[in-house]
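Just need the whole structure built from these sequences, with the hints factored in.
Chains as they are written, first to last, in the working numbering: chain A, 57 to 406; chain B, 57 to 406; chain C, 57 to 406; chain D, 57 to 406.
Please note that the accuracy of each hint is not assured.
Given that identical chains are not distinguished, each listed pair holds provided it fits within a single copy or across any two copies.
In the SDA-like style, the derived pairs of lysine to any residue whose C-alpha atoms are separated by at most 20 angstroms in a straight line are [to be verified]:
no., residue 1, residue 2
1, Lys136, Glu123
2, Lys214, Phe180
3, Lys136, His345
4, Lys295, Gln209
5, Lys136, Asn76
6, Lys295, Arg268
7, Lys136, Asp115
8, Lys136, Ala314
9, Lys214, Ser175
10, Lys295, Asp149
11, Lys214, Val240
12, Lys136, Phe208
13, Lys136, Arg147
Calculated directly from the structure, the hints in this document are not laboratory data.
4 protein chains.
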Amino acid sequence: MQHHRVTEQGDGSLIIVMRNGATADDIAHVVSRLSAIGAEAHVSTGRHRTVIGAVGDRDVIQELPWEAFPGVERAVPVLKPFRFVSRDFRREDTVVEVGSVEIGGGHFAPIAGPCAVESRDQLFAAAEAVAAAGARILRGDAFKPRTSPYAFQGLGEKGLELLAEARQEFGLPFVAEVLDPRDVELVGAYADLIRVGTRNMANFTLLSELGRQDTPVMLKRGFTATIDEWLNAAEYIYKEGNHNVVLCERGIRTFETATRNTLDISAAPVVKGLSHLPIIIDPSHSAGHRRLVVPLARVAVVSGADGFMVDVHADPENAEVDGAQAILPDEFAALMDDVRALAEVMGLEL
Amino acid sequence: MQHHRVTEQGDGSLIIVMRNGATADDIAHVVSRLSAIGAEAHVSTGRHRTVIGAVGDRDVIQELPWEAFPGVERAVPVLKPFRFVSRDFRREDTVVEVGSVEIGGGHFAPIAGPCAVESRDQLFAAAEAVAAAGARILRGDAFKPRTSPYAFQGLGEKGLELLAEARQEFGLPFVAEVLDPRDVELVGAYADLIRVGTRNMANFTLLSELGRQDTPVMLKRGFTATIDEWLNAAEYIYKEGNHNVVLCERGIRTFETATRNTLDISAAPVVKGLSHLPIIIDPSHSAGHRRLVVPLARVAVVSGADGFMVDVHADPENAEVDGAQAILPDEFAALMDDVRALAEVMGLEL
Amino acid sequence: MQHHRVTEQGDGSLIIVMRNGATADDIAHVVSRLSAIGAEAHVSTGRHRTVIGAVGDRDVIQELPWEAFPGVERAVPVLKPFRFVSRDFRREDTVVEVGSVEIGGGHFAPIAGPCAVESRDQLFAAAEAVAAAGARILRGDAFKPRTSPYAFQGLGEKGLELLAEARQEFGLPFVAEVLDPRDVELVGAYADLIRVGTRNMANFTLLSELGRQDTPVMLKRGFTATIDEWLNAAEYIYKEGNHNVVLCERGIRTFETATRNTLDISAAPVVKGLSHLPIIIDPSHSAGHRRLVVPLARVAVVSGADGFMVDVHADPENAEVDGAQAILPDEFAALMDDVRALAEVMGLEL
Amino acid sequence: MQHHRVTEQGDGSLIIVMRNGATADDIAHVVSRLSAIGAEAHVSTGRHRTVIGAVGDRDVIQELPWEAFPGVERAVPVLKPFRFVSRDFRREDTVVEVGSVEIGGGHFAPIAGPCAVESRDQLFAAAEAVAAAGARILRGDAFKPRTSPYAFQGLGEKGLELLAEARQEFGLPFVAEVLDPRDVELVGAYADLIRVGTRNMANFTLLSELGRQDTPVMLKRGFTATIDEWLNAAEYIYKEGNHNVVLCERGIRTFETATRNTLDISAAPVVKGLSHLPIIIDPSHSAGHRRLVVPLARVAVVSGADGFMVDVHADPENAEVDGAQAILPDEFAALMDDVRALAEVMGLEL
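Shown next as C-alpha cells:
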C-alpha cells in the first residue's frame, strides 16, 4: 500500500487510462503536463494498460483535453463537476421559502393549479378548489413553450396579473414559468417562485440571469438530461448568488410510449444523496394521462421527495394546454386525503 | 356523420395512410386487397393524404405487409396485439396463488431473499430474517445469467434443493429463475413460482414451454421492452394454457447512469389499465444501489402494484452476485414496518 | 367501400379511438363537438372499440384535448404537425446559399474549422489548412454553451471579428453559433450562416427571432429530439419568413456510451423524404472521439446528406473546447481526397 | 511522480472511490481485502474523497461487490471485461471463412436474400436475383422469433432443406438463424453461417452451445445492448473454442420512431478499435422501411464495416415476414453497382 496525502487545494482527481501500445514518451508527456499545472501524477503499469491518477485542482485538471493527447484512451473524472449544490459542500438540507411555505427539510409541499392561465374564471375555479383541498402553492403559466408554432402561447403579463389576484384571493403563493431571459424581471416582479421548464434546463443564459436575482427558482429536469447535468444546471444559478433552488423531476425521454415521458422516481433518493437542494415531482407532465396522475402523486410522498406539482383544471375538455393530463378538483381533493395519511406515516409536515 | 356497424367477427381495425401522391390505382389496390380478405374499407380523401380505415378480423388484417404496398405511407393498428391478457378480455383482476399466498386483487405480496443461492448457511440466514420480518415469498436463484462468461453461474439443482429445504423450515413458498427451456421441468418440480428473467422476456421458446406446464410464472419485463411487448410476451404463456402469470417491472434501459436501470413506476398503473394480470415491482435490480432500495420498495406499495421483490443478504460484502444492491436483514425489517402502515392507508392486505 | 371526398379546407385528419366501454353518449359527445368545429366524423363500431375518423382543418381539430373527453382512449394524428417545411408543401429541394456556396440540390458542402475561436493564430492556422484542403465553409464559435459553469465560454464579439478577418483572408464564408435572442443581430451582422446549437433547438424564442431576420440558419437537431420535433422547430423559423434553413444531424442521446452521442445517419434519408430542406451531418460532436470522425464524415457523403461539418484544430492538445474530437489538418486533407472520390460516385458537386 | 510496475499476472485495475465521510477504518478494510486477494492498493487522499487504485488479477478483483463495502461510493473498472475478442489479445484482423467467401481483413461481403423462407419459388426467385447481382452469401430463415404469438413462425427443417438446394443451384453459401439451443445441431448441419438474432444476444445458454461446435456464427447486436455487452456475448462463443464469429450491427432502440431502430453506424469504427472480429451492417432490420435500405447499405461500405446483409424479396406485398423493408431485385442490382464503385474507392475486395 502506498499513501499520498493531498494538500488543501487538491480536491479532485482524474484517472487517465493510456492505450495498449502507448509509448514511454506518451506517458512521460502526460506526466510532465500534469506536473506543469501543479498536479500530482501516480502511474500504475499493468500488462495491457498504464493508468495515471492525477490529483490536484479539479478545474485545472479537468479542463485539459486529455483524450487529445497521444496514447491516451480515456479520462475518468472521480468527482462530479458541480460543487456548491453538492452534499459535499453542505451536509444539511436546504429549505426554500416560497412566500410563507417551506419546501425541504421535512416540509412536503403540494403544488396544484392549471397548466396555463386561460382566463380569470378558469384560473379562479381551479385556485379555489386546490386551496380548499389543501394545496400550499398555486401553479399557472402565463408563457407557454409549445412544440407547434401554431398552438396557444399564453396570456403573457395579463396572466401574471391574474395569478397575483388569485394569490390575494386564496392566500396561496404561486409559481410561473419564464421562457426568455428578457422576461426574468417581469416574471420575478409577480411570482413567488419562477420556473425553468424542461426545454430550458440547459439554457445557460437564462440560468445565469436567474442566478443574479432574488426570487426562488424551480428548475425542471431536462427530459433528456442526466441527474449530473441537471445538478450542473442548478450550479449555474447557485453560483451567481441565488441559493433558493428547488429541483423538479418531470420524466425523461425513453423508448416507452405508454406514457409521455418516463417518471424517474429514483431521482428523488438519488438527488437526496448527491445534493442538499429540495426536489419535487411533477406526475402530470411525465404521465401525460389523467388516470396515472393520482397514483404517481402518492408515489411522490413516500419517495423521499419534498413536494409534488399537479395540473388541476375544472373543465379539462376546454383546456387550451395539456387538458388530457389535468385531474378534476374532486380527484385532487381525494388525492389530498391520501397524501395526509401517507405524510403522517412518513413523518412529513404538509 | 356516417356510422358503420361491424359484424361480430370484426374486432379490430387498421388505419392505412397513403402517401401524398398515391394514385387512384394505389388506393383501389389496397381497397381490393382488403375486400379479398373479408375486411371493410372506409376511404377518406383529404387535400394531401387519403386515409383508409380497415375493419375486420385483426389477425388477418394486421398480418399483411401494408407498408410494402405501392403508395402506402404507414399503417397504424387501432387495437393492441395481445388479446387474452387484456382487460378487454377479462374485466376483473386475476389473483395468482403461490403456495398459500395470493398476489393481486387487493393482496400485496412482499417477496425477499438473496439474489443467488450460494450456500445453505447464506440462504438460511436470509430466509430466517425475511420470514421473521413478514415476507410472504422467498426469492433465491439456482441458475444465474451473467453478462461476463467468467462470473459465478449458480449452484444448479443443488440450489433448488436448498430452497425447498428453506421452504420447509421457514414456511415460505419460493420463486426461482429458469434460463433454459430444457430446465423448465426441473425448476417446476421444486419452485412455487418460476421466474423468467429480463434477458429472456423475448425468448419465445422458453415462454411457450412455460405455458404448457402448471407452475405459476413471474415474467420480468425486458429492460428494453415496451409495456406492449411485455404483455405480448405474457400472451405467449397465457395462450398455451397457463393463466397464472405475474408481471414484474424491474427497470428499463435509459440514458441515465445514476441507477443501473430506470424504474418505470408508471408501469404499475399503466398495466392495471391494460391487463387483468397482477404486477409486482423489483426495486433492487432496477436501482443497483442498496440505499435506493428502501424508498423504491415503499413507492411500490402506493403505486397500484400487487407486491415487490427485494434482495436481502446477511453479508453483502461476500455475496457472489449483486451484493451492491442487497439490503441487510435489519433494513428489511424496518422497511416492513413502513410497508404495513402504508398498506393500511391503501387498503391492501399483506 | 365508402368514399368521402373532403373539401379544399379539409387537409388533416385525426383518428379518435374510444375506450372499450365508452357509452353511446360519450361517442355522441365527440361527434357533436367535431360537428361544432366544422369537421366531419366517420364512426366505425367494432366489437371492442369504436373508432372515429375526424376530417377537417388540422389546426382546429388537433388543438382540442380529445384525450380529456369522457370515453376517449387516444387520438392519433394522421398528418405531421409541420407544414411549410414539408415535402407536401414543396416537392423540389431547397438550395440554401451561404455566401457563394450552395447547399442542397446536389451540392455537397464540406464545412470545417475549430470548435471555438480561441485566438487569431489558432483560428488562422485551422482556416488556412481547411481552405487548402477543399473546405467550402469555415466553422468557429464565439459563444459556447458549456455544461459546466466553470468552463471557457467563448471570446464573444472579438471572436466574430476574427472570423470575419479569416473570411477575408481565406475566401471562405463562415458559420457561428448564437445562444441568446439578444445576440441574434450581432451574430447576424458578421456570420454568413447562424447556427442554433443542439441545446437550443427547442428555444422557441430564439427560433422566432431568427425567423424574422435574413441570414441563413443552420438548425442542429436537439440531441433528444425526434425528427418530427426537429422539423417543427424548423417550421418556427420558416413560418416567420426566413426560408434559408439548413438542418444538421449531430447525434442523439441513447444508452450507448462508446460514443458521446449516437449519430443517427438514417436521419439523412428520412429527412429527405419528409422535407425539402437541406441536411448536413456533424460527425465530430456526435462521435466525441477523433478516430471516429473520418469514417463518419465519409458516411455522410453517401448517405443522401448535403454536407458535413467537422472540427479541425492544428493543436488539439491545447484546444479550449472539445479537443478530443478535433482532427488534425493532415487528417482532414486525406479525408477530402476520399470525399472527392465518393462524391464523384454519388454524382454530387462539391 | 510515483511509478509502480506490476507483475505479469497483474493485467487489470479497478478504481475504488470512497464516499465523502468514509472513515479510516473503511479505507483500511478495503485495503486489507485487496491485500488478501493478492492485489496492490494505491491510496490517494483528496479533500473530499479518497480514491484507491487496485491493481492485480482482473477476474479476482472485479468479482468482489466493492459497492457493498462500508464507505465505498463506486468502483470503476479500467479494462473492458472481454478478453479474447479484444484487440489487446490479437492485433491483426480476424478473417472468417463462410464456404469460400472471406469476411474481414479487407474483404467486404454483400449478403442478401429473403427475410424468411416461405416457399421454394419465393426463395429461388430471390436467390437467383441476388446471385446475378453480385451477392456473395444468401440469407433466409427457417425459424423466426415473432413478437406476436399469432404470427408466422417459419418452415423449420423444410426451410433449411430449401436453402441447401438454393446453395447448390446458385453457388452461394447461406446464413440462417437459430432460436433454440436444441436446434443448434440441426441448423449447423445445413448452414454455412449460423445467426444469433438480436433477441437472443444475451441468451448465454445458446451462445455457449454455439461456442462448442464448428460452424461460423454471426452474432447480431441486441437492440438494447451496448457495444461492450455485445463483445462480451461474443466472448461467450469465442472462449468455448469457436473463433469464427462475425458481428452484425442492426440498430438499437432509441426514442426516435421514424425508423424501426436507430442504425448505430458508429459501431463499425468503434468495434474495429476494440476487437479483431469482423463486423457487418444490417440496414433492413434497423430501418424497417424499404426506401431507407439503399442509402444505409451504401453507408456500410465506407464505414469501416466488412459487409452488409439486406432483405431482398421479389414480391414484398406477399411476404410473410417484414415485407415492408425488403427491397426489390432491381433495386438490389442498382445498389450493387454503387457498391462496386464505392468499394474500389475504399480499396475493399468484394
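Results of checking the hints against the structure:
1. Lys136 with Glu123: both (18 angstroms within a copy, 18 angstroms between copies)
2. Lys214 with Phe180: Within. Shortest intra-copy distance 14 angstroms satisfies the 20 angstroms Cα cut-off; inter-copy 51 angstroms does not.
3. Lys136 with His345: between (35 angstroms within a copy, 18 angstroms between copies)
4. Lys295 with Gln209: So Lys295 and Gln209 pass the 20 angstroms test across copies only (16 angstroms; inside, 32 angstroms).
5. Lys136 with Asn76: Close across copies (12 angstroms), not inside one copy (27 angstroms); limit 20 angstroms.
6. Lys295 with Arg268: within (9 angstroms within a copy, 34 angstroms between copies)
7. Lys136 with Asp115: within (11 angstroms within a copy, 28 angstroms between copies)
8. Lys136 with Ala314: Result: close only across copies, 12 angstroms inter versus 33 angstroms intra.
9. Lys214 with Ser175: Answer is within: at 9 angstroms inside a copy they meet the 20 angstroms cutoff, but 47 angstroms across does not.
10. Lys295 with Asp149: within (17 angstroms within a copy, 47 angstroms between copies)
11. Lys214 with Val240: within (15 angstroms within a copy, 27 angstroms between copies)
12. Lys136 with Phe208: Cα proximity of Lys136 and Phe208: across copies only (18 angstroms, versus 40 angstroms in one copy).
13. Lys136 with Arg147: within (16 angstroms within a copy, 35 angstroms between copies)
Figure legend: structure checked against the earlier numbered hints; every hint is met.
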